[in-house]
Every structure is written in C-alpha cells, then in structure tokens.
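Asker: Could you put the whole structure together from the sequences, leaning on the hints where they help?
Number of protein chains: 4
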Amino acid sequence: MKVLITGFDPFGGEAMNPAYEAVKLLPDTIEGADIIKLEVPTVFGKSIQVLDEAMAKHQPDIVINIGQAGNRFGITPERVAINQDDARITDNEGNQPIDTVIVEEGQPAYFAKMPIKAIVENIKKAGIPAQVSNTAGTFVCNHLMYGLLNLIDTKYPQVRGGFIHVPFATEQVIDRPTSPSLTLEQIAKGLEIAVATTITTHDDIQVQGGAIS
Amino acid sequence: MKVLITGFDPFGGEAMNPAYEAVKLLPDTIEGADIIKLEVPTVFGKSIQVLDEAMAKHQPDIVINIGQAGNRFGITPERVAINQDDARITDNEGNQPIDTVIVEEGQPAYFAKMPIKAIVENIKKAGIPAQVSNTAGTFVCNHLMYGLLNLIDTKYPQVRGGFIHVPFATEQVIDRPTSPSLTLEQIAKGLEIAVATTITTHDDIQVQGGAIS
Amino acid sequence: MKVLITGFDPFGGEAMNPAYEAVKLLPDTIEGADIIKLEVPTVFGKSIQVLDEAMAKHQPDIVINIGQAGNRFGITPERVAINQDDARITDNEGNQPIDTVIVEEGQPAYFAKMPIKAIVENIKKAGIPAQVSNTAGTFVCNHLMYGLLNLIDTKYPQVRGGFIHVPFATEQVIDRPTSPSLTLEQIAKGLEIAVATTITTHDDIQVQGGAIS
Amino acid sequence: MKVLITGFDPFGGEAMNPAYEAVKLLPDTIEGADIIKLEVPTVFGKSIQVLDEAMAKHQPDIVINIGQAGNRFGITPERVAINQDDARITDNEGNQPIDTVIVEEGQPAYFAKMPIKAIVENIKKAGIPAQVSNTAGTFVCNHLMYGLLNLIDTKYPQVRGGFIHVPFATEQVIDRPTSPSLTLEQIAKGLEIAVATTITTHDDIQVQGGAIS
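Chains as they are written, first to last, in the working numbering: chain X, 1 to 213; chain C, 214 to 426; chain H, 427 to 639; chain R, 640 to 852.
Hints may be right or wrong, so weigh each one.
No more than 16 angstroms apart at the CA atoms, straight line, and that leaves these computed lysine to aspartate or glutamate pairs for EDC-like [to be verified]:
id: 1; chain 1: H; residue 1: 428; chain 2: H; residue 2: 457
id: 2; chain 1: R; residue 1: 828; chain 2: X; residue 2: 171
id: 3; chain 1: R; residue 1: 763; chain 2: X; residue 2: 171
id: 4; chain 1: R; residue 1: 756; chain 2: H; residue 2: 525
id: 5; chain 1: H; residue 1: 428; chain 2: H; residue 2: 460
id: 6; chain 1: C; residue 1: 215; chain 2: C; residue 2: 274
id: 7; chain 1: H; residue 1: 615; chain 2: C; residue 2: 384
id: 8; chain 1: H; residue 1: 550; chain 2: C; residue 2: 274
id: 9; chain 1: H; residue 1: 543; chain 2: C; residue 2: 274
id: 10; chain 1: H; residue 1: 450; chain 2: H; residue 2: 611
Hint data in this document are derived by calculation from the structure and do not stem from the laboratory.
Answerer: Encoded structure:
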C-alpha cells in the first residue's frame, strides 16, 4: 500500500510551515505502507496540479494533505471542503480570488474520505490534543482539500483521503504570547497516528450520506 | 414584501436564547417590508417542519434564521450549510443524531442566498462586531439552515435567505468570565441591519457558482 | 460628600479611551454625592501631579481612577498597586521607564481602599460582567493607582479610593474580531454602581491586614 | 552551590501537577550546582512550614518554587507576591482563607529576588514560550512565594529566589479543547534554563527599589 502525504510551503510571512516540517519527520513506512512525502506550493490552482501529477505518478491508495491553521489548539482533521475560494490574503504567487468557485459545475462540497473521528480518538489516546473541524476555511487549504476530493470523485475513485490542519509549532509562537502550539514532534506523532488509522480502517470504512466518520 | 425571521428557543441549559429575544426586539416593518417573527424549537426535524409550515402560510420573500453561537465575538452570517447532523449534546426532545444526512439524496451543501458580506460591512459600519462564518456547526442550527436552503431549492425558488449566528447576550456571561457577549440591543440592531441589507439588495444579488456574496 | 473620578486620555494608538468616555456619561450626583470628573494624561509622573492638584483643590472624600485594559472581558476593580514602573510602550510624552520605583522608599505595594468585592457583586447583579483583578500591570494605570494610594497614605488619610480597569468599548473592536468589549453605556453603568457602592459602604469598611474587601 | 527547587502536589481535581512532574525531570546538577528537589503540599500554612524546614536542613543558596497556572501559554516567572490569601477553592486540606494576611505585620508585597527578565529571555531563546507575570494570584502559589521571600527577608538574607508558574502539561488538556499547554519536557527545559540563569547571575544581580530585573 502507498500513502501520499503532502505539506504546504510557508506562507503569510511565516519562516516555516509546521505542516511540511512535520511531514518530513514521518517514518518511511507506517503499518507496512510506503510513505511518499511531498511539499506543495501555497498557490491556488498550482497546488491541485502538483497533487494531480503526484497521484498520477505514484498511484497512491491513500492521500492526506496537511496544512497550518494558526491559533488552533490541536490536530484537526477536516470534515468537509466547499467549492469556494475567498482569500483574505494573497497566496505565494500573488493570487487573491474572492468568492469564486474552485471547480466549475463541481458539487457544492465534499466530505472527507477518511475516518476523521477514529483519527481524533487515536491521537487523543496518545496524549495529543485533537478535534474534528467543520471548516477548512476558504484559502488554499480548503482549495486543495476540495481539489483532492474532486480528483478522487472524478479520476481516482479507489483512493481514500482528506485534509488535516495542524497548529503552529512552538518555535512560531515565541513572540505571540497568546497563541497555542504543539511541538513538531507532537504534530508528527499525530500525523503518523492519522495515517496508521486510515490504513487500518481502509477496508471497512462506513460511508453515510457521503460522509465518513 | 414579507420577511420571515426565526429564532430558536433556549437549549443546552441556558435560561434564554438571545436569538429569539433579539428577534422580538425588531420593529414590525423594516424598509417597508412586513416582519413576521417566529420562535422555532431547537429540535432536529421539527424545526424544519415548523419553518416549512410558516413559509407555506406566510409566503415570505425573504427568510432568515437566527441562532445562538456561544463564545463568538460578533454577529456572524453563515456562508454554507452542510448535509450532515452530528450532535454533541441532545436537542430539546432528546434526539442526538450522529453523522447522519439531513436530506436523503440532498446535495452535500448549500451556500447562503443572501448578501453575507454586505451584511457584515453594514453591521460593522453601525459600530457592532460582525464577521462571515464558514461553519454553522453540525447541530440544529446547521440543520435548519440546510433545511431552509433545501426548501428554497425544491419548493420556494423565488425566496432569498440564510442563517445568522449571534453571540451570548451579556446577561448570559455574568458568571462566565472569559466569554464574549453583545447586548440584546446590539444584536437586535445588527439583525435589523441584516434584514434591511437583504431587502435592499434583493433585486440585484450576484450569484457566483452557487454562492452569493 | 464629594467623589473625584478620573479617566485617562487615549494612548497606544487608540482613537478614544473608554475610561474617560464612560466617566463623562456619569450623572453629576450619585447617592447624593457630587461627582467631579477629571481627564488625566497617560503620562508617568504628570498623571500623579494632576491628581494631587485636583485632590488639593476639591478635597474629595472618595477618589476612583479609571483606565482601559484592552482584552479584559468585564469591569475589574484592582486589588493592589505595586511600587514599580515597567513600560512595554512609551507613554503619551515618550517616557518608557523600565523597572524603576514610583516612590523612592515607598512601601512595596498598596491595597485598594474601597470595597472591591462588593463593587463586583453589585455590578454583576446589574447584568454587567465584573471581576476582581489582582494586577493593574506596570504601566501608567498601576503608576496612578500607586500614586493615589500613596497620597492617601501620606497626605489625605481620610480619603477612600482605588482603581478600576474597564474593557474596550465596542466601537474599538470592530476590526479586532477576537477582542471582547462592553458598550460605553454598560461601562458607565458599572462605574456608577462602583461609586454608589463605595459611598454607601464608606462608614463601615473592614480593613484586614491592609486590604479592604 | 545548592539550589532547592520545589513543586506542588496536584490540586483542584487534577490527576497530576506539571510543576513537580517537571521538577522531577531536572538533572541533579546544573552549572555545577547541586539540585535538591522537593514536593510541597498545596496547603496554606503547611507549604511554608515544609519550605522553611527544607531551607533550614539544606541551607540552599537559591530557592525557586514552581506552581501550575492552568490556561497560561508559557513559562511565567512572577514579579511580585502580595501579603494576602483569598481562595476561590479549598486547598488540599479544606482550608479556604478569604482576604486574610499571610504574615501579620508583614510588608504588603515582596519582589522576586531572581533575574526574571533574563530568565524569560533565555527560555525564549531556547524556543519555549515565556513571559514575566505580574500576579501570582491569591491562592497557595502566591502564599508560598510570599512565604519564601519573607523567610529570605527575615531569616536567610543571603538566599536568592522566587516563583515560576508553568502551564498545563499537554496530557492535562486532551479534553479541554481550548486550553494551551506545553510538554513536560519543554517545561523541564525551561526550568533548567531558569535555574542556570539564576546561578550565573548570582553575583551581579541589580537590585532597584526592591525589584530585581
């Protein structure tokens, strides 16, 4: 089995992105599956293209995208991606779409195709804060999650996957005295558990009304 | 023109619900339109039935549902409702659906059919905190918003509308020293502005990819 | 009876200071006492001089200083002032003392000489959030509170008084989506209750170990 | 050189106290000094007695007390202790003093006798959040800090020391989704740096108006 796991490059003036920094700390195999690590650009459009090319090349069974959500307290698998870009700041190439669709004629939203509640439970059992999130926002994170699930829907129907937001790494909050954080080691451990949980539930995932839980 | 505006009854152990308390403070006409006020039960299923009956009876041009979102800082029009119930607590009749669809074969999500960004701008101009929200949660608030937009989609295509979450009223936070609040008067003023904004933009709303902004 | 109540002028880039704006809204008499309102400069040293001159001129029975504490959720009477200035930003005349004493050979701290817990209880009974605070910080607010209590200790032993921090007014947080606030009317009502409570308990205040509660 | 470092036992319903758990992780020598670790009871009165006995027995050069301050984001050396107990909850033996003095005829407050700003800077340089705090509260933490500084003032004038509050350990916030935390390893590392900083500045501490900075 192959797992493709992506992390964004830094954006919004940050010196690092804990998403890809944590991805880099993952082992090369988890539960016997090969782990393919990929940095993706924080750019509308291009992030989905890079993902599509990597899925075509590696033919993974599972794809999980990781992004930074500053000011969240724990690791938060996303429940749903919506078909809308609405950027408060520019992306890394200066794009700032306002209230535009991601995929013309695309369905309004996609629910995650991985066991988000089991992931949360298993991460918490390991002593790391985690919660289901009901919004991935309207910036490049939601954009890529929607893109992934649209690719699964239209081109790679056998693939499972979704998106996980992670908080700031502790290094990032030294001069932000009211921002929560986790260590990169905690974030990486949480992601490893998320991957393992998705692998081990791969064959018996329950799909209810489009949502997997 | 007729505007139907609803507010939930108290739930979750609260003595009051600022949603309907603020609705009660609204004037009977706004921008020349008749304002019809309706309390709806915080109950899965029944809340949509009550709304459907009121829409059939009053034939409103605009419908806006109001709900409480404790710990939010401002008035927050919702961008999107998702086709999923997932209740952390029971509703007022003991129901607690977990990861179930609201409408079988319903589309995954609906975007608000009212000008949520213009509403936010106008409320802020009046000196009251407001923001667009990207999630109405997965409790009865999202349920009713999805129900409303599904009714519009399937039975009342000429109707405009959506959902607005309001914070705790100040009375509710006296013994919650770290919970934000607004006064009921501020909330009511914000809702009046939301109604007026929706009325005055009624004829020239831009629809982009399903979302109105 | 005479009550002198002061509020600072705006500082730190704010367009207004809710402290003096709320003081201006107070009635001219409370519980039969004359209310003397005074704006004081947010300046180390000068703020105490202005206060001293006003106390010499008006000979008040009670003196209460009001200051802004952004990001507090309620009205917060201060328990204690410490003999130390330590400024993170400059005051309104460019002074920025770091770890210096306010009064040479002054005692390390003074406890409030007004009934801070009764004030909190009475403000809460009126439906307005309030809490005792254990620190007035180390900027001009603590400086003036220490100065007041030192003046009482050394020159005006019959006077009662203290310091109350108030949160941002709602107008100030429109573009600070995670900052709490109260309306100026709520703040003024809270201050009126604080003054009334101090007047009515004036004769039977319990002093325990230097602290009044 | 000898350093006595104390941590409280669990209180307030917590299963652990990160203060003493982190103290246990400290090395046995820091900068050549012997580290003596002591668990103290979260009890008014008794905590000071236990400290006094340990100081008499070990004759330390430096004493630092560690306590838990839930919902703080970083490691926070305290600037000042005040001569007042005011307990919102009972201590571990059922005591709940309200507005009482700690030491009859004791001075109103004591400033820390260790370099709190250098400690903060050094902890931050190591990538761990830290800030100076201006209040240790009015529960057993402030009580013990006042007790320590009073013992130094009256019996052990050559001793340096103070109090440091630490946030929840990550294990404690798994079911508190909006509480910040640090890992025990981060807390222990921060405390080690605090001890090292106090040792290395021992001979040239600047005392200004009673406060050390």
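Asker: So which of the earlier hints does this model not fit?
Answerer: Numbers 8, 9, in rising order.
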